[in-house]
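Sequences are here, hints too, so could you generate the full structure?
Protein chains in written order, with the numbering used here: chain A, 1 to 320; chain B, 1001 to 1342.
Take every hint as true, because none was put in to throw you off.
Label pairs and their computed distance ranges (CB to CB): (1) B:K1046 to A:G199: 40 to 50 angstroms; (2) B:D1181 to A:E285: 27 to 37 angstroms; (3) A:E275 to B:V1250: 26 to 36 angstroms; (4) A:G199 to B:D1071: 29 to 39 angstroms; (5) A:G75 to B:L1084: 35 to 45 angstroms; (6) B:I1078 to A:G75: 45 to 55 angstroms; (7) B:N1083 to A:A289: 31 to 41 angstroms; (8) B:T1087 to A:G114: 31 to 41 angstroms; (9) A:D57 to B:S1124: 57 to 67 angstroms; (10) A:L267 to B:N1160: 50 to 60 angstroms; (11) A:G199 to B:V1250: 30 to 40 angstroms; (12) A:K294 to B:I1259: 44 to 54 angstroms; (13) A:S320 to B:I1259: 53 to 63 angstroms.
No farther apart than 25 angstroms at their CA atoms in a straight line, the calculated lysine to aspartate or glutamate pairs in the DMTMM-like style are these: (14) B:K1193 to B:E1294; (15) A:K262 to A:E27; (16) A:K272 to B:D1181; (17) B:K1249 to A:E2; (18) B:K1193 to A:E2; (19) A:K5 to B:E1300; (20) B:K1120 to B:E1099; (21) B:K1193 to A:E270; (22) A:K5 to B:E1292; (23) A:K5 to B:E1297; (24) A:K33 to A:D309; (25) A:K272 to B:E1292; (26) A:K262 to A:E245; (27) A:K33 to A:E245; (28) A:K183 to B:D1081; (29) A:K255 to A:E270.
Derived by calculation from the structure, the hints in this document are not laboratory data.
In this text the structure is predicted, and so the values were computed from the model without any measurement.
For each residue, glycine too, the CB sits at the ideal point set by N, CA and C.
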Amino acid sequence: MEITKAELLSFYETMVTIRTFEEKAAELFAAGKLPGFVHLYIGEEAVATGVCANLTDKDYITSTHRGHGHLIAKGGRIDLMMAELFGKATGYCKGKGGSMHIADVNLGILGANGIVGAGQPIAAGAAFACKYKKTDAVAVCFFGDGASNRGTFHESLNMASIFKLPVIFVCENNMYGISNYQKNHMNVSDISDRAAAYGIPGVTVDGNDVVAVYEAAAEAVDRARKGDGPSLIECKTWRHRGHFEGDPCIYKDPKEQEAWLKKDPVLSLEKKLTELKFATVVELEEIKAAVKEKIDSAVLFAQNSPDPDPDDVLTDVYAS
Amino acid sequence: MATVGIIANPASGKDIRRLVSYGTVFDNQEKVNIVRRILLGLAAVKVKRIVYMPDYYGIVPKAVDGLKSHDRLSMEIISADINLTGTQLDSYRAAQVMESCKVDCIITLGGDGTNRMVAKGCGSIPLLPVSTGTNNVFPSMVEGTVAGMAAGVVARGIVNHFPVVQPTKKLIVYKNGLPIDIALVDAVVLRDKFIGSRAIWEVNHLVQAVVSRGEPHNIGIASVAGYLKPIGVTDKEGLSIEFGRANYKVLAPIAPGLIVPVEIETFQKIRVNEKVKVKSTPCIIALDGEREVEVNEKDEAYIELTFDGPKVVDVKAALRAAVDGSHGSGMEELHKEFVLQE
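See the structure below:
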C-alpha cells in the first residue's frame, strides 16, 4: 500500500497533537485545574491516527472513556475539547460532560462514553443508518479488551454481521481492563479470534505501528464502503500511564512496561521519518513546537472561558 | 530419554490476509486441540518427555488440562526457560533452548513465518511442521495425532533419520556483507518503504524474488515459480525472478483465495551457494510471506541459496518405515510397543 511522505507527516502531526494534548491534560489534572477525571491515551496514538486517516467527516466513530485521541484524530477541535475538560461553557458539551462525553455530530463523532462497551451498539446503529440511507459512509467503533467481554460486543457483532453493516470494530487491546490483566478476564489471547463466531474477518495488528494500523483499517473501511460487511481489527498496544490519572499502577509488571516503552509509537514513527529522509530532526522539532503552541492556545482559551451559568443546568438535559 | 519439543505459535493465522484475501482462521483453541492430539500421538508411541515453548495463551498447558481423565499422560512436560516477548522472537528462543538441551525432534504449529523463526534456532534437530498459518509451503496439513506418532518414532530412533528426515534449502539475506536473516521458501524484494502489516498482497509492489522451492500447488510467491519453472524441495537449485515488463505472465495464487496475474520480466535458475544481488534500493524484503527486512538506499543486499536448511520429518515415510521395517528396525519395535499391545 502506497503511503506518501505527506500522509506520513500528517500521521506524525496527529500523533504528536494527541501526545501533547494528553501530557498537558496530565499536568493540568495534577495541578488540580481539571474538575473531572481523565483517562489518557498516551502510548495508543497510532491506533486512532491510523484508523481515522481512512475516514472523512461523513463517517462516524464511537469512542470510549479514553477518548481524547479518537476525537483529535477524527478532527475534533482541541480548544473546545480543552474547554470541556475545564468544565467551561465554551466546551463541546457546554462544560457539563467533561472528558468522557465529548461529541461533535458534525464531524461524525458520536461521543466518548463512560460506560464500557456502550459505543458498540451505537456504532452498529449508525452503520445501519448508513446502509438504510444508501450512503457509502461507515462507522468505526473503538473499544478496549475489557469491552469485548460485554454483551453489547457480542450483540453488536452478531447484528452487524447478519445485516452486513458497514462498521469496523477496532479493539484497542492494551492488555488491561482497568487493573485486570487480560488473561485473568478472558480465555482468549487474541480478541480477533472472536470474529469467527460471527462469520466476519478478524485480524490482529501491531497497534503501535501506525502504518500497520492504517493498512488494516484501509482494507476494512474499503470492504465496508463496498457493502461487504463488518470487520474486527484488534490493535495490540499499551497505555503508558494508569487506567486514570492518579492510578498508582501497582498491577503492572515494570519489565513489561519498560519493554513497551521501547516500542513508543511516536518515537518509532520519528525514527522512520528520519530514516526515509521524509523529515529532518529539526523539521520534526518544528512540528512539535507548532503543536505545543496550539495546545497552549487551547489551554488559554479554556482558562479564559466563562463557567456555565447555573440557570442552564437543565438546558440540553431533556429533548425538546 | 527421547524428548520431543513443541513450538505452537499463538499468533499465527491472524494477520491482515484475513481481510485482503481469505486466509484460514486458526483460533488458539483449535491449536490447543491439535496439541492435545499430538500429545496423545506421542504418548501412544511412548515418548516420555516433552519440552514446549510457553506462550501468552498457554496452548500446551491448556491442552494437557483439557484431557479426559482416562487420557492422563504419563510423561514429563516441561516449559522451555525463555523470557516471553509475545513476538516471533519467542519461537526462535524456544528453538535455541530445545537445541541446547538436545531434544530429538521439534513439532511446530504455525505457517512459513513460524518455521522460519524456529529454523534459525533449532540447528540440526529435525522439524515436524504442522500447518496452522496462512501461506503454508513449508509445513504440511497433517492431523495432529499422526504428527505426534511420527515425531515419536523419529525421536525414539525407531526409524533411521535417512530417508524419513529430509534436508531442505534456505535463503540467506546479506546486508552490507553480513548475513542478517533467512527464509525457507522465498525472499521477495518489494518497492515498499514500510513493514507495516507485514503480509504481501499487492503484486504491483513486487520487484524481485528468490525462491528455494516452488510448485504449482503452492500458495504465495512460491507458486509463481511453480508456474514458471517448478523447483522441488530437494532439487539442488532455486529460481531468481524479476518482476516488471510482462515478458511472461502467470496466474498465481499469491494468497488464499487471491489468484492474480503476475507479470514477469525475466527468471533464471540459480545454483546452491549462488548469490543474487538485490537490484533496487531502498526496498523491503519479505521473508516467507512477511515483510521483514528494511534495506536503505545506500545498503548493498544479496540473497544466497544454500542447502543447509532445517531437516524435516516426512510424516508418511516415518510411519510407513516404522511399520514395514524397510528402514532400521521399525516394524518389530513398533509392533511390540504399539500396534500389537495386548
